[in-house]
Each structure stands twice: as C-alpha cells, then as structure tokens.
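Based on these hints, arrange chain B on the given structure of chain A.
There are 2 protein chains.
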Amino acid sequence: MTKLEVIFLGTSSAAPTKTRSLPSVAIRREGQVILMDCGEGAQGRFVKFGLGLNREMIVLITHLHGDHVNGLLGLLQTMGMSQRIRTLTIVAPPELFGWLKMTMKVLHIGLTFDVSFVPVRSGVVYRGKDFRVRAARANHSIDSWSYLFEELPRPGVFDRAKAVTLGIPEGKKWSSLQRGRSVLVGGVKFSPGQVLGPARPGRSIGYSGDTRPTRRLTKFFSGVELLIFESTFSSKDADKALERKHSTASEAASLAKEAGVKRLVLTHFSARYRRADALLREARGIFPETVAASDGLVLDVPAV
Amino acid sequence: MTKLEVIFLGTSSAAPTKTRSLPSVAIRREGQVILMDCGEGAQGRFVKFGLGLNREMIVLITHLHGDHVNGLLGLLQTMGMSQRIRTLTIVAPPELFGWLKMTMKVLHIGLTFDVSFVPVRSGVVYRGKDFRVRAARANHSIDSWSYLFEELPRPGVFDRAKAVTLGIPEGKKWSSLQRGRSVLVGGVKFSPGQVLGPARPGRSIGYSGDTRPTRRLTKFFSGVELLIFESTFSSKDADKALERKHSTASEAASLAKEAGVKRLVLTHFSARYRRADALLREARGIFPETVAASDGLVLDVPAV
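Going down the list, the protein sequences come from chains A and B. If you use the working numbering, the first sequence corresponds to residues 76 to 379, in order. If you use the working numbering, the second sequence corresponds to residues 76 to 379, in order.
All the given hints hold, so there is nothing to weed out.
The list treats identical chains as interchangeable, and a pair is accepted whether it falls inside one copy or across any two copies.
Straight line, CA to CA, 30 Å or less: simulated BS3-like cross-link-like pairs of lysine-lysine:
#1 LYS180 - LYS320
#2 LYS93 - LYS123
#3 LYS176 - LYS93
#4 LYS123 - LYS311
#5 LYS315 - LYS123
#6 LYS264 - LYS248
#7 LYS176 - LYS315
#8 LYS93 - LYS320
#9 LYS337 - LYS204
#10 LYS320 - LYS123
#11 LYS180 - LYS315
Simulated from the structure, these hints should not be mistaken for laboratory data.
Chain A extracted, bound-state conformation:
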C-alpha cells in the first residue's frame, strides 16, 4: 500500500505566533507533494521537513489572502535556484496568476521550470495517474475554495484459484486481467470481473481553507479518511467566527460528524489562544476522533 502522509507546515491563522507559522499543509505520496496553501515561510519548512524541491508537485491555493499565498514567492525562487525542471502545477483563483507573473518580473525571480496555472472551479481540477483533486466553493469573506484529494479505487484482489478453475493459464493473461483488461483463452473471452474481487476504495483527504461550515462542504467531505478543517475560534468567540467568516472548533466537529469522516484535524488557530487544548476539548465533545494540528505534525493515513 502506498504511504500517504500529511505534514503540517504552518498551523496559525493570519498572524504567526512563537510556535505556529502561517497556513500550509503538505500531502506526501510516493515522492509526490500536494501542497495546500502556501503561507510565508513554507520554503523553510520544506528544508526542515525534507520535502524536496524537485518532486512532482501540485499547489492548491484556497483563496487570495496574503497569509495563505505569500510563501509561494520564496518557494518558487528557491526551486529555481535548485534547478528544478519538473513542471509545477498551481490551482488557484485566477487573479493569482497575473500577480505572480508581475511579481516574478519586478522581483527578478527567474524560474528553471514551467508553471502550469489551473484556475479553480467546482469539480475535478487535477487528474494524476492514480489520484485526483476536486474543488468546491467555500464560504469566506472573499472568493474561497475547499479541496479534496482522492486516490482512485484500486482493482480488487486477484483470485488465483478462480483463474485456475476457469482454465486461464498463469502469466501474461493473469497480468492483463489484474490490470483490468479482458483476455481470450482458446477463443473464450474472460473479463476482469470474473477473477477480481470488489474494487478497493482509495483514501481521501479534505482541506477546508478559510470558511464557515456549510451544507455544501458537509456533502463535499462526506466519508473522507482525514478532514483538515479550519478552527480559527473557540465557540466562546462564535460571534467573531460569524463576523469574519471563519469556523469554531465546535462547528468543525459538527460538520465532521455529520459528514461521517474518519478523523478530523483542527488547524488555523487564532493567535489569541495560547494553547489549542480548549478548542480540542470542545471539538472532541462532539466528534471524539479529533486532533489539533501543530507545526511539524506528521499524520499517516492508513489503508482503508
């Protein structure tokens, strides 16, 4: 089973604290990196956590507030200095792209690689070999998006006994069936469904970005293995969450419960809270399978 990890590079909200830097979360899978938001200092975290600057990589930007975006400049510059050659894909609200181009020029940031810009929209925004990324509209003070990383289902387990019984000779024919292709044996056609068990579902990771909880997001994140949801405020400051279009820890937990996710990770904590303990307690009262993110936290997403 492919190793799938989530690495929290920054877990503060708009302002950094002594222990939390600005929002950025990486998914690492088979040497590929999917970076969700890119707050200031992300490149330093890449060095610190050994993420590598030359990997296949997709950046997903939820919205154009500086604290979720500023780290891109340094990251791109350092990738250029590292002689990166692989194309970097950036999915983001389209205003980002003109700004990035102007910035590269004014700040003399020369790149050694191509950047593929994908304007975010509802639905599939990226298709990898064996995973895809979908986006859904969030509800924040400006145009804002949530993302969902989904492994594609893998074919079911190959039933050797059944294949022998059916008289399919071991070797190339078995491989073809395992890869989902039908084969001919002595003029008889055999389909993969005859020798494969049910398809094995892939794992999925949801990332809210900055948002109020909404019906749309409850549906979007339905049943995910790991939901990373913003928890800027405690429910004591629910009025501030409402006013500034953020979520409380309780709201994140209620959404996680209703969406039937496996695990919830709270992040994006306001600097007003010295520790996340109270927010975590509050959420666990509603949804026990909750953890609070901290800078440098690495979570393994096990096989389904």
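Showing chain B alone in chain A's frame:
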C-alpha cells in the same frame, strides 16, 4: 547615551538553511526601528525578538531580489491586523511601490496606517530628529544600494566654570547655550562655542546589501562604528563572487580595513557553507575586529 542595537533577523543569502533565515537586519534605537532589507519570515522574527509592530519605523530595501523583499507582505499585513497607526516609511528602488500597491489589492491586504514611499537615490534619504540615513550605489547584478545610518553629532559638554567666569547667569541662558543658541547678557553676546566643548560625534552603522566591494563603498563606509557587509562566498569561491556580483569574506575584510571601520560583521552567507567559521577566520586574518552574524545575534553599538 541612547542605547543603539543591531539585531540580525536573517543571515542567509538567497536560500534559507536550517539555522539561517532570509536577509533582514534591524537597528533599534530609542524604540525606533530601522529595518534593512526584509526577507521572508521577518514578521516572525519581529514577534520572536520583541521588536514591536507599532513603533516608529523605516524600512530600507537595498535591491529588488525577492529574497530581500518578500517579508514585507506579511509584515505589512500583520501590522495592519495589529492596528498600527504610525506612518511607515519605505526607502527602496521605485519599482517596489507599484508592485506593493498591486499586491495589497490582489492579496486583500488592508492597512490601518499610511506608507510613505521614498525612492532611493544617492545622498540623504531620511532625516530623523537626531539621525539620518544616506544611500550610495552598490554594484550587484541589478540596481542595488548600500545604506548608512548616522546619528547627528551632539553638542559638546557644557563648561559650567567657563560660563560662571564669563558672568552668564545660570538658568535659561545656560539651557539656550546648551541647545546651540547665542544669548545676550547685559548687552554682550555670547555664542555656544564659548562655553561648549567640541561637538560629540554620533555613531554610524553601514549596511552593504548585495554587492561587489567598490571604491565608492570604501569611501561611503569610512570610519563607521559597525559595518555589516555581505560575505556570500569564501575566497576559495572568488570566481563565483565575481560572476554573481557578490563579495568574499576576504574582500569584505579588506574593504573594512581600508575604510578604517571599528568593527565588521559578516552576513549573507551562501547555503553551501555549513558553518561560517572558515569565512570568519579568513576575514580576521585581514581585519581582526570581525564577527560572523547569526540569526538572533544582538550587537550593542557603544558610545564613541
């Protein structure tokens, strides 16, 4: 005597390392901050080193390479969230200003304070109550500038005995003379020079930014108390310094020696050197009063 400190926020060159973040140096004097360059992560260092976001402050940008500038975005955003009200002065190559304005708009960074933009040019670029800042052209791969912070000379020590001998009555007349104004006593005019010792020189701090060593800079930094000079390369990599328009530790030391500075601080070390020891040794062989900067280093600049 006013306390005058230099605080090194970031001491790497273009790419951060595990121990060095991107270029930025602060001068702190009577609650005022003069920030020289503003690499990514500067705002985090402000929090860490207690520099304060609401002080009188001037930012001096040497050149428009991203690694010397990117930290401005987060710093300005966080100052806005801290409800800063004091005007922030930024001295920089003028292309910065249009870019900053566009960036504030695209990244929704709202400010609660005014920014005063001063396009850098040769000569005095800022006049404070009792200090000034001068700029001189550096020699780098793009338009680049060096800065010099200078306290204004203070009036000489007041000679009480002499004032009594001259028959000047103690009180307002003495205060006026101390402040440099002539006074009349019984129709006779006395000038400050008659009762004050020689003017006491202020302290000065030079900052090279990215540059080759030049005759102009040797002259510009003549006799400063503290010279902060880039030392990207060791003299073993002198060819790279020449090619990329940087300086070696030896070149920085030779310039410091020739300029007759009191103390030299090397900074802006290339990530290729794991430790700055060899560069420091190399410089001390030429100019013994040399130290190597590290992130968080605080240097006191004592009275002259």
